[in-house]
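> Below, each chain spelled out in residue letters.
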Amino acid sequence: MLTIKVLGPGCANCKALEGVARKAVDSLGIEAEIIKVEDYAQIMQYHILATPALVVNEKVVVSGRVPGVDQVTSLLADAAMQAP
Amino acid sequence: MPDMVLRLLQGGLGNLAAYLAAHVLLCLVPAFYIAGAMTALVPKESVTRFLGRSAPKWIAYPGAALAGSVLAVCSCTIVPLFAGIYKKGAGLGPAITFLFFAPAGNILALVYTGGVIGVDLAMARLVLSLTFGIGIGMIMALIFSREDLAHDRESDALFAGQGKIRRAGLIFLLILVTLLLAGTSKIGLLTNAYIQITLPIAGMDSFQDAIYRLVPYDASKGQEGVTAQGAILIGLLVLIGVTSWRGLNRIHEGYNAWTWIAMSLVGLTVLTAALGMSPHAGGFDVQFTGRFYGVLLALAALTWLMFKRLSKDELRDWLWESWRFVKQIFPLLVGGVFAVGVIRVLIKPEWIETLAGQNTILGNLAGVLFGVFMYFPTLVEVPIANMFLGLGMHRGPLLAYLMADPELSLQSILMISVVIGRLKAWVYVGWVVLFSTLAGLIYGAWVEGTPLGVLAMYLGVLMAGPGIALWLVGRHNHRRVIKAESRSAD
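Each protein sequence line maps, in turn, to chains A and B. Quick note: the first sequence, position 79, residue 79 per the working numbering, numbers continuous. Quick note: the second sequence, position 326, residue 326 per the working numbering, numbers continuous.
Some hints could be false.
What the hints assert, rightly or not - Restricting the straight-line Cα-Cα distance to at most 25 Å, the calculated cross-link-like pairs of lysine-lysine (PhoX-like) are:
no.	chain 1	residue 1	chain 2	residue 2
1	A	Lys59	A	Lys23
2	B	Lys327	A	Lys15
3	A	Lys23	B	Lys308
4	B	Lys348	B	Lys57
5	B	Lys327	A	Lys36
6	B	Lys327	B	Lys312
7	A	Lys36	A	Lys59
8	A	Lys59	B	Lys327
9	A	Lys23	B	Lys327
10	A	Lys15	B	Lys312
11	B	Lys308	B	Lys164
12	B	Lys57	B	Lys186
13	A	Lys36	A	Lys15
14	B	Lys164	B	Lys327
15	A	Lys23	A	Lys36
16	B	Lys57	B	Lys327
These are computed hints drawn from the structure, not numbers from a lab. All of these numbers come straight from a predicted model, not from anything done at the bench.
Bound-form chain B, shown alone (with noise of 0.2 Å):
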């Protein structure tokens, strides 16, 4: 019993352990940092501004699409957002497309999905969710378009509002992806070390097997096991964390020494995640890669804009909103891939492998299904999604699970549902159902070889039904309009 016990233990923190390392730190990290920037720094009317009613629908969709990548990243911020874009005159269709693209489109999802389990992964995510997003929301228009007539009336000033991203923050924005790229690219510039040193500290490498031997990985499974570097950079996330506590939380009040003190540790952690790092008899090599000097440039960049270029009102925002993320998603994220860890050693991969191993469309719909009833927090799908790959889960359904999993769950569904009537919302809920299962059934397609021409060409024809429809049912309804205000005339 001890020795299952055990197991399960050391399950937990070797899977925990994998998700701390290095070059997930390097992503996780500075893609906090991005979506605050964004939340912080890009005015929302620079966005919805092309959400109005009267914007062309080839602008609108794109723009609910781009609203949903920029603007938003947990549900806490999506479904009001929603709400206000709906309320405020966006039409049902650029609404619900927002909703469906902003929890898979955004910049935390996509960076960390591509980190952990693959870029293949994260691109076809972002390509079908943007497709279906749109699919979905021209659907829903088309079904609804003559409720959507009528909501139509009440359109707002709000839409007409200007408000441009300043061009400080642009740039900020643009330096916070430099140093993402800088710190996760796999190219030989980066990789290249081009100083070594030899620091005399002995007893790395015992520690290193001290480490290995409490907590044992199997490198046949894909794991990667904590390294001496791995626990250097854990404790350095635990000082953050209690510094970022106390020089963050009350940031309204006021800056303190323990704000600063944090985000010295944050450049700090990413820099020495940057380092390549080797332990030996007697003492350890440390690399500077080329990486270790794009991440220094990237920072060095970015304080500077700090101090010189951003408002005070920007500076505070953006450490706030980037600090709220943080506290929001990443305990739950330790304690939600602690608990993945944990249960895999209780799966037996038999099981997976029969219902989802292969790309079928029970096995996608078996994805989906998962994703739909069980609520996950935040990012929390990935670590889930890359526990039944281990498993044996095919891509294809795995897409699936991942496409379903951060869109509905039962909360969500209740919150949308005030929103726009419970018609509505079970609505949308079955076509997410459907196209999740369509994108996981395509995707596995493509990796099982299909060419992509075939596939891009098959959903061509997918969208392009709604879109037609969708524009001759405007086409009538405004004829419709005309009509009538001609006879109210006479």
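Pulled out of the complex, with its shape left as it was, chain A reads as follows (with noise of 0.2 Å):
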């Protein structure tokens, strides 16, 4: 199962960030568990410059934007094959 997090204190990034990795593990039908990360303290664990970030099993693959519905798949397929 992938850990799918999503980075980022609140704003209308963040939120349609998560809104597009629902939207793909809904399109791929894999089972995903999608997590809010809001708090600062943790947000800068990951090494990232700007928010919003996605995190697939611990893996930063995107930060600073927010892909389309249609990249975030191909992640989240690849990621699943790596890691069944």
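Put the complex together from the two separate chains, hints included.
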């Protein structure tokens, strides 16, 4: 099962990213847990420069922008294949 | 009683109309898209790589200022970026400079200030925010230099990152700026009408008169009132809002027809604002000014670039970021402007004049404290400042208010203290209050006639102090580190 974290302190971009992640998970039909991380101290643990950020199985895959649903779908598909 | 309510309503609506007039739209609409382009097309690493620990101070501080003007627009991005920059190895100084300069030096703030109040105030805001931003950064670095040294050890590979803006992106950004300039510059080439046609649509003049009666304005107070053109533009804005909501809100799932309708409407609105319109009995004249052609050319170039040179991701990111700014800022701006118009009816000019009518320390401090304790959404500080100006506030205290308001609010101070600790955060607040008051005094002195050279000299001396002190402390700390290292090597 994939663990997906959406990092962001609650701004419009973070919410958008969460929506995109959910859509991607739904379209793939895979098992995934989506966690929204809004606490600053925790966000700063991941080495990113700007929010929002997408973390899949503890690896930062996108940071600083909101990717399209198609891009996230292919990212998740890759991740699902690598770590079943 | 109902008479009073009517007056308040008219005050609010009249103010709103003035802020949606053609010349404001021509600067505000492009500015939103420029802000979106900066966020979407300029990779953050291309600027932040100058802020790393090893960067010399004369690169790091101006770099931080550049980052502030190019990378962030509203506090939702500024504070997270500040946290990122600080935690990832930039010194406290450059991070603070970024934090101070970003709210004042970003494109939306500057353009709006210039378009609504005046270019002189916008320039003063820019220059003084820059100078004092670097100054406060240096002072904070000085005060907390020992802690800074310890924090130094965690330098991060993030700042070694490359990242450059793509050429297409840069050109796109530049043409957006050209669009802004074409729409707002007051030069003859642009304001002259080159073709004039008369549309035989009767009734425009009586339409305009009806509006004037509905929303009366006072020309002696510098109010403009709503013209027929203004009413058309407001209608277009509403349409843009509706179509953009349907076309841009879920853009990450894909484009739809509404997306392109919305974009065409934006282009149409800007073109309409660039025309000259004068209704008269029996028809109305439409003047195709130089401005119209300039805007048309810029729009054509942008459209071509959009489809032929920007990547799919870049196009979508740009549209999304611009729309995000509009969604976040514009509704609050409209509400704020309306509220300002209502309040203006209630405040007596005498109150403002007694408190801040002169360029005194008290007047400037009053402006700053009002800005610090009253929270207003991004950009609303501009119409508020304009209201105070109309009520008799001196331009000095006005600048002091404009410097302080976007910097601080209880909410942002809270977020900042999470990042750098409560002590540093409140020290920062203190310096912002001090420097904003100073900035107001300096600008006010210039308005009163003090020559620029004298003021520049004062500023130079004021800033040289911390600069030299920081350099000396830096050398002292450097020697201490080397001594400690040679001792441990023995």
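> Which of the numbered hints are not met once you compare them with the structure shown?
Hints 3, 4, 8, 12, 14 and 16 are the ones this structure does not satisfy, whereas the remaining hints hold.
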